[in-house]
Amino acid sequence: SQQGEEDPQALSIQEGENATMNCSYKTSINNLQWYRQNSGRGLVHLILIRSNEREKHSGRLRVTLDTSKKSSSLLITASRAADTASYFCAGIKAAGNKLTFGGGTRVLVKP
Amino acid sequence: NAGVTQTPKFQVLKTGQSMTLQCAQDMNHEYMSWYRQDPGMGLRLIHYSVGAGITDQGEVPNGYNVSRSTTEDFPLRLLSAAPSQTSVYFCASSSAASGNTGELFFGEGSRLTVL
Chain A
1 SQQGEEDPQA LSIQEGENAT MNCSYKTSIN NLQWYRQNSG RGLVHLILIR SNEREKHSGR
61 LRVTLDTSKK SSSLLITASR AADTASYFCA GIKAAGNKLT FGGGTRVLVK P
Chain B
1001 NAGVTQTPKF QVLKTGQSMT LQCAQDMNHE YMSWYRQDPG MGLRLIHYSV GAGITDQGEV
1061 PNGYNVSRST TEDFPLRLLS AAPSQTSVYF CASSSAASGN TGELFFGEGS RLTVL
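So the protein sequences, as listed, match chains A and B.
Position 17 of the first sequence, counting from 1, maps to 17 under my numbering, and the rest follow consecutively.
Position 69 of the second sequence, counting from 1, maps to 1069 under my numbering, and the rest follow consecutively.
In case anyone wonders, no lab produced these hints; they're calculated from the structure.
All figures in this text were calculated on a predicted structure; none of them were measured in a lab.
Counterexamples of contact, computed for chain A against chain B with all Cβ distances above 10 Å: (1) P8; (2) K26; (3) A81.
Stretch-level coverage of chain A by chain B, calculated; a stretch enters the list once three of its residues show a Cβ under 8 Å from a Cβ in chain B: (4) 43-51; (5) 99-106.
Have a look at the derived ranges for each label pair, beta carbon to beta carbon: (6) P1061/B x R80/A: 37 to 43 Å; (7) S58/A x G1040/B: 26 to 32 Å; (8) N52/A x S1084/B: 37 to 43 Å; (9) G1053/B x R60/A: 38 to 44 Å.
A virtual CB, placed ideally from N, CA and C, is assigned to each residue, including glycine.
Start from the sequences, fold in the hints, and give me the full structure.
As structure tokens, then:
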């Protein structure tokens, strides 16, 4: 079973626009992470947010976490063509050591 | 830095053949794991290890074996390949041990086709 489910499954935007994707998870987590995967490549870690944090920023990325709703969002501001990729959320259960991934959101940024 | 290195990058097998996917990391990470990625299904955890000599099952362990004799290496063995094991396999490592897995570092993947 997947810990995270991303929404939407696919997103197409123009360069310069913001991209928002959401992740819902099923069980209590210790932390939630977001990863990017370019076509044919491995995943690259973007940001980690712990269960006691509500919001985190890293460059053009903003992540929120709502543990009461078991959901997280990733916002990419001022998107660029290079942001075209699949984005995955991944959660680790409290007192666990298995990072479980969702199905991903495919983002296309058109120049 | 090499990071996480997977070999081979591509492999074609016939049903029933065996093979080993190699994974090596040079970051002295205690935690290593294997995932498979299938279209539309994200990544599913096959096996993981929190240190040398310790392995455990993930979500989809059937048909796969692992061992962790050194900190650096975590090979994944397919004893009798089946078409359902056609997938892209990723090895990943982390500096955190059990309880609070942090950032995973991924290899570039091994694309396996079983005919």
